[in-house]
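J.: Protein chains in written order, with UniProt numbering: chain X, 1 to 314; chain V, 1 to 433.
To be clear, the hints were calculated from the coordinates, so they are not data collected in a lab. Any given hint could turn out to be false.
What the hints assert, rightly or not - Facing chain X, a subset of chain V residues (Cβ under 8 Å, in silico): (1) ASP83; (2) ASN86; (3) GLY92; (4) THR94; (5) ASP95; (6) ASN113; (7) TRP115; (8) GLN202; (9) ARG203; (10) GLY307; (11) GLY395; (12) ARG396.
Stated by the list, open to error - Looking from chain X toward chain V, a few residues come up when the C-beta cut is under 7 Å (computed): (13) ILE64; (14) GLY153; (15) ASN163; (16) PRO165; (17) GLY168; (18) SER262; (19) GLU279.
Even for Gly, the Cβ is constructed at its ideal location relative to N, Cα and C.
Letter by letter, the chains look like this.
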Amino acid sequence: MADTTVRQGSRAGGAGPLAGLSAWANRNVKWVFTAPALVFTVVMISLPVVYTVVLSFTDARGSIQRDFSFVGIDNYVEMLSTFDRFWPAVWRTVLFTGVAVTVQLVLGLAIALLLRKPFKGQGFVRVVILLPLVATPVAVAMMWLLIFEPTIGFANEFLGWFNLPAQGWISDPDQALPTLIFVDIWQWTPMVTLILLAGLSTLPEEPEEAARVDGANAWQRLVHITIPMLLPAIVAAVLIRSIDALKTFDLLYATKGRGGGSLNEAETLNILAYSLSFEYNDYGMASAVLVVFFVIIVAACLALWQIQKAGRRT
Amino acid sequence: MRMTRPVLTAIATATAGALLVGCGGGSGGGDGGAGADGDGGQLFVTLANHPWTNVVQDKIADFESETGIDVEVTVLGEDQLSDQYNVKLNAGATDVDVMMMRPLQEAKLFSSNGWLLPLDDLLADGGDDWNWDDFQMQTSVTTEEGVVAVPIVTEQEVLYYRTDLLDAAGLEVPGTLEELQQAAATIQQQNEGVYGFVARGQRAALVTQFSSYLYAQGGDWDDGEGTATIDTPEARAAYEYYASMLKDYGPPGVTNMSWKEASAIFQQGQAAFYTDASVFYNNMIDPEQSRIGDTFGVAQMPAGPEGSAPYSIPSWGLAVNQASQNVDNAWRFIQWVTSPEMTKEIQVEGVAGARTSVWEDPEGTSAFPEQLAEVIRTSMEDGVDHDRPVVVEVGRARDIVGGPVIAYLDGQDLDAALADAQEQYQALLDDER
C-alpha cells in the first residue's frame, strides 16, 4: 500500500508545465504519434499539389517570382478547346496505358501459370524472366534506341534475314508509339508476373481439385476457378501498372526527347506538361494540364477499386 | 524497466518537435557568405559539360590560390543545366553566382525574368588590359536590360564534306547551294549505302542549322521590328531547299536527329555532306569516334542568292545571377577566365573563343588546322549574329519555325505549313511586344 501511495505522490508532485504537456500528449496520443508522418505528407505532398492547383488558375509565365494574375478557368478553357496538343496527348496516354497494361496482364498471367508448377531449372528461368525489371529505364531506353536505329540497328538487320523491308521504328512518326509500347511491355511484364505468382501461391488447391473431379477441363478450371480466385491480385497488378504506365516519362523522354518527337508523335500528358513548364515556361497552362492529369489518374484508381469491390462481393 | 505511456508520448512529442525544427532550419544552412576556406570568400560556379569547362577546371586551383576565393564548381549536361537554372533561379537560389549559359537561347528569357545581373557598369570598369572592346559578338549578349553575359565560346555553321567521295566523283567542293544539291545527288547515286547529305531534322534542334540556309536565301525569321517573315518567298525557298535535301538525300528517321545522331551518320562514313557547327570538327577527326578522320574536309557554308551567310554566334557565355551574394568575386572570376591570356590558353586547346586579339595572334589559332581557321575567320566576317529567333520564348519559337521542315518531310503541304508557322510566330511576336 505504502508503495502505491509514494508513486501517486511523486506523480502529483511533478505537477508543472511538463506534466501538463504529458497529460495533453496522453489525451491526444493518436495525433502525437502520427504527427511526423502527417507533417511530412502535408509539406511534401499536399502543399505542392495545392500550389499546382492555384497556379493552374493564373497566367504565371517566365518566372514564378514575377507578378501574375488570376485568370479563372481560362487555362482550362484554352486547353480543352483551342490547344491543339492536349487531346492528342490524352489519347496517346490512354492508348499507351491501355494497350501496354492489357498485353502485360495477358502475358504476365500466362508466364505466371507456366512458372507455377515446379520444374527443373525453375530458379534460373525465374531470374532470367525478371531481368528486364531490374534494369534502369533510361538504360533500357538507350539500348532499344540502338536496336531500333533504322540504319545501323539490329531490328532492321533481323528483318533483312527474312527479306522484309527495313522499318523506321522509333524514328518513324507512325511507328514510334507502338514501338515504345512494345518496350514498355518488355520491361514491365515481369512485374505483373511477379505479383500474380505471389497471388497464385496463396490459392487453396481444393476448389481446383474438386472441379477436376467434376470433369472440368483445364480451360474451364482457369476461367471459372483460378482467375476469379486470383482477381484481387489481378486488380492489384493492373492498378500498380496502370498508375505507372500513365505516368511514364523516362522511356519516352530518353528516346523521343522534348515534345515527344518532331510531330509530337509520342507526347503523353506527362511529356506535354514537362514541355510547357521547362521549355515554354508557361507555368499556368502546365499546371492546368497536370491537374487534369491528376484527376484522370485518381478516376482510374477509383474505377479499379470499384471493380475489386464488385469482384469481392460475387 | 517498462516505460509508462506518458513517458512514451513525451518522447514522441519531443521527436516530432525536433523534426519540425529540423525541417525549418534545413534551408538556411547552405547560404554562403565570406569566410570559408580561403580568406577571399566563396563563389558558386555552375558550368556546362563542354570542352571549355574541361580546360578551365584544371586551372581553377590557380585562381583560388591567387585570390583566396573558395570556388565551388558544379558541372551539368546541357539540358539538365537549363532545367536547373529554371528551378533554382525561379526559387531565388543564392548558390549560383557565375553561370555558364547559352546567350541566344536563354539571355532574353532569363534577363526579362530578372535573373541576370546587367554587367554594363562592371564592363566599363574592366580596365585596359581586360578590354571589353576586344570581344566579338557583343550584340548577341545584349538584351533590353543591357549586356548580361560575356561570350566565352563561339561557333559558326560550316560544311563538312568527304574528300574521297568528291575525288572519286571528280567534283570540286561545292561553293553554292545548287552545287551542293548536285554533288549530293551524284555521290548518292554512285555509292551504295552512302547518303548524299545529312543534317539535323528534329523539329527544334534543326532551327539553328537551318538558319544559315535561310540567311543565304535572303530570308530571316522576322524583320527585327515585330513582323514575322516566315512566309516570304526567300524563306519559302530556304525551307524547300533544306527539307528536300533531307528528304531526297538524307538517311531514314531524320526527324529524330539532333547533332548526336546526324554527326554519327557522318562519322560512320554514311553521308557525303554534313552541315553543322564548327565545334564538331574535333569529333570528326577523333579516331575513337570517327571512321573518316583522314578523308573529310571543312568549307564555308555554300552561297545562296545572297551569298554565304553562316551564323556566327557565341554558343556559350558567362553571366551573373541577379540574386548572387558574391558579385565581386563572381566578376573577378569572369575577368580572370576571360582575360586575354586565359582566352588564348583555352583556344590553344581547340576551343574557339570570342577575343579578336587572340584570333589575330598566330599562336591563338595554332590548335586549328589552317583550313578550319580560315573558314572560321571568313565566317566571322560574313556571319549573322543569331542562329534562332531573337525572342524571349525561344523554346516555343523554335517549335513553331521548325514546323514547316517537319511538315514537308511528313508529306504535308509546305505552303499551308508556312502560313501556319507565320501566323503562330506573328502571334508570339505580338504577345512579346
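J.: For the hint on V:ARG396, just tell me whether its beta-carbon gets within less than 8 Å of chain X.
T.: 5 Å, holds
J.: Using the nearest Cβ pair, does V:ARG203 come within less than 8 Å of chain X?
T.: Hint holds; V:ARG203 Cβ to chain X Cβ min 4 Å, cut 8 Å.
J.: Minimum Cβ distance from X:GLY168 to chain V below 7 Å?
T.: Cβ of X:GLY168 sits 5 Å from chain V, so the hint holds.
J.: Should the hint that X:GLY153 touches chain V count as held when the rule is a Cβ pair under 7 Å?
T.: 10 Å, violated
J.: For the hint on V:GLY92, just tell me whether its beta-carbon gets within less than 8 Å of chain X.
T.: 6 Å, holds
J.: Have a go at the V:GLY395 hint: is there a Cβ in chain X nearer than 8 Å to its own Cβ?
T.: 4 Å, holds
J.: Given X:ASN163 was flagged as interface, is its beta-carbon under 7 Å from a beta-carbon of chain V?
T.: 18 Å, violated
J.: With chain V as the partner, please determine if X:GLU279 meets the hint condition of a C-beta pair closer than 7 Å.
T.: Hint holds; X:GLU279 Cβ to chain V Cβ min 4 Å, cut 7 Å.
J.: Less than 8 Å between beta-carbons is the criterion; does V:GLN202 satisfy it with respect to chain X?
T.: 6 Å, holds
J.: Less than 8 Å between beta-carbons is the criterion; does V:THR94 satisfy it with respect to chain X?
T.: 13 Å, violated
J.: Regarding the hint that V:ASN86 lies at the interface with chain X, is the smallest CB-CB distance below 8 Å?
T.: OK, holds: V:ASN86 within 8 Å of chain X, min 6 Å.
J.: Would you settle whether the hint for V:ASP83 is holds or violated, based on the nearest Cβ-Cβ distance to chain X being less than 8 Å?
T.: Holds, about 5 Å.
Taken one by one, the earlier hints fail for this structure at numbers 4, 5, 10, 14, 15, 16, listed in ascending order.
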